[in-house]
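Asker: First to last, the protein sequences are chains Y and Z. Taking the numbering used here, the leading residue of the first sequence gets 1, the next gets one more, and so forth. Taking the numbering used here, the leading residue of the second sequence gets 413, the next gets one more, and so forth.
Derived by calculation from the structure, the hints in this document are not laboratory data. Beta carbons: idealized from backbone N, C-alpha and C, even for Gly. Treat the hints with caution; some may be incorrect.
Calculated lysine to any residue pairs in the SDA-like style (CA-CA distance at most 20 Å, straight line) [said to hold, decoys possible]:
1) Y:Lys-345 x Y:Lys-262
2) Y:Lys-262 x Z:Ala-456
3) Y:Lys-31 x Z:Ala-456
4) Y:Lys-262 x Y:Ser-159
5) Y:Lys-110 x Y:Pro-100
6) Y:Lys-326 x Z:Ala-456
7) Y:Lys-209 x Z:Glu-442
Sample of chain Z residues at the chain Y side, in silico, Cβ under 7 Å [what the hints assert, rightly or not]:
8) Val-421
9) Gly-422
10) Cys-423
11) Ala-425
12) Pro-428
13) Pro-431
14) Thr-436
15) Cys-448
16) Gly-452
17) Ala-456
18) Pro-459
Here's the letter readout for the chains.
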Amino acid sequence: MRACVIGAGLGGLLAAANLAREGFEVEVYEKLPYAGGRFTNLDYRGYHLSTGALHMIPHRERGPLGRMLRQLGAGVEIIPSQPQAMFRIAGKDYTYEELPSLFSLRDKLKITKIIAMLKLGKATSDESYRSWLEKQIKNELVFKIADSFTGWSLSLKASEVPAKEVIAQTKNINKLGGPGIPVGGCGGVTKALVEVLQSEGAELHLKQKVIAIKQNGRAFEVVAKEKRNYDIVVSNAGPKVTAELAQEILPREYARAVSRIKGAAGIKISVACKKAMLGHSGVLFTPEAERINGINEVTNADPSLAPQGEHLLMSHQRLAEGADVKREIELGLKDLHRLFPEFKKYCRVLAVQVYRNSWPVNRAPSGTHLSPATPVEGLYLVGDAVKPEGWMETDGIAAGVEEALRHIRASY
Amino acid sequence: MLVREERCVGCAACMPFCPNEAITVYGVAEIDRERCKNCGLCVAYCPNDAIEEG
Numbered sequence: 001m002r003a004c005v006i007g008a009g010l011g012g013l014l015a016a017a018n019l020a021r022e023g024f025e026v027e028v029y030e031k032l033p034y035a036g037g038r039f040t041n042l043d044y045r046g047y048h049l050s051t052g053a054l055h056m057i058p059h060r061e062r063g064p065l066g067r068m069l070r071q072l073g074a075g076v077e078i079i080p081s082q083p084q085a086m087f088r089i090a091g092k093d094y095t096y097e098e099l100p101s102l103f104s105l106r107d108k109l110k111i112t113k114i115i116a117m118l119k120l121g122k123a124t125s126d127e128s129y130r131s132w133l134e135k136q137i138k139n140e141l142v143f144k145i146a147d148s149f150t151g152w153s154l155s156l157k158a159s160e161v162p163a164k165e166v167i168a169q170t171k172n173i174n175k176l177g178g179p180g181i182p183v184g185g186c187g188g189v190t191k192a193l194v195e196v197l198q199s200e201g202a203e204l205h206l207k208q209k210v211i212a213i214k215q216n217g218r219a220f221e222v223v224a225k226e227k228r229n230y231d232i233v234v235s236n237a238g239p240k241v242t243a244e245l246a247q248e249i250l251p252r253e254y255a256r257a258v259s260r261i262k263g264a265a266g267i268k269i270s271v272a273c274k275k276a277m278l279g280h281s282g283v284l285f286t287p288e289a290e291r292i293n294g295i296n297e298v299t300n301a302d303p304s305l306a307p308q309g310e311h312l313l314m315s316h317q318r319l320a321e322g323a324d325v326k327r328e329i330e331l332g333l334k335d336l337h338r339l340f341p342e343f344k345k346y347c348r349v350l351a352v353q354v355y356r357n358s359w360p361v362n363r364a365p366s367g368t369h370l371s372p373a374t375p376v377e378g379l380y381l382v383g384d385a386v387k388p389e390g391w392m393e394t395d396g397i398a399a400g401v402e403e404a405l406r407h408i409r410a411s412y
Numbered sequence: 413m414l415v416r417e418e419r420c421v422g423c424a425a426c427m428p429f430c431p432n433e434a435i436t437v438y439g440v441a442e443i444d445r446e447r448c449k450n451c452g453l454c455v456a457y458c459p460n461d462a463i464e465e466g
């Protein structure tokens, strides 16, 4: 059986490594000169920045990605964040458990109830997380905390994500724990996966752009530099691009439906610091900042991500559709100065990176739940548009790959 | 090298690969024409086909 994987992002690499281990002859096509897509390192002035993700895996070594990396024999160490998360409110940092102490007795009871409801994982209707919260409590700080969480992890406002998605995600956090930092950052994971591909005999073609997916009898014909035939095609190029590549074989309604999906956009600011500004390896949520949703300082877990003795701080903020990007960046930078009064003394901005349009944070917003199976048997989708309910970020990608593999195993 | 602003998202994937430090990115990439030696590396590293020769 021959499998073609289009795109060497995290989803493509995971799918390719699994298929190769299951006996498929695998070829991966990547248009860029490097593997990893939005999940690898960008080395700049001694700092390991990233092409996208913030060097964190949402459920440390215990989630779908950690499990899959272990099963594949990819040698990646994931260091659990300690503490998992802090929340900066009125200049002080609080743990999740300490948050109720910030509120009046009446609201405290309501918040304890909300936390219990999130934990119990009760599915609700299609209402947004924000309107679900509004039914329980009227408190601006609660809404800001919710926005900082969904902004950091999903690049969405609480009003843009279904309540049942957040409830399912919270359940997974309670069960598996919060984030972890892969040693070597995103690039450490990508490198390990490329090594798995090599040891399994899969071929990785860099700088080879696929221009069409056609059908040739029972087989697929994939057109890149050459035309080659495959039994299955797994696309990590995103639903829109995949529908364009396969326009001869996919139904038009499907292409129209996926063309309507709007991705989630965001801005990441990477900062070089002469000293630790957070001092821990967890997420600092910043509900009261103007734009920034959260910050991490991964060098507290893996010092090799910055030059010796220095630190790498990264902030993330959701980018609203149609917003003035330069103004949003300015507001993000202002937040950093406000959050860290010593910013000027110890920190310097290394890079401002925007993720939108054809290179977004997520190709489909959390809660979309696009199936990895397409209407054409043998053509599958993986990547950040294909995340099953309750799974966010890279763990969502791995969970989507698991689902794609289940479909493939059932048919081949 | 020329940045096609309508395609550039501002992801800065090109920036570290420029051997002449000719690229700055602030919402969109800008190439310093005096520093740029037209080596074309940025064209290859752009995920969005947003840089072309010129």
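Asker: Taking the numbered hints from earlier one at a time, note which ones the structure violates and give those numbers from smallest to largest.
Answerer: Of the numbered hints, 1, 2, 6, 7, 13, 14, 15 and 16 do not hold.
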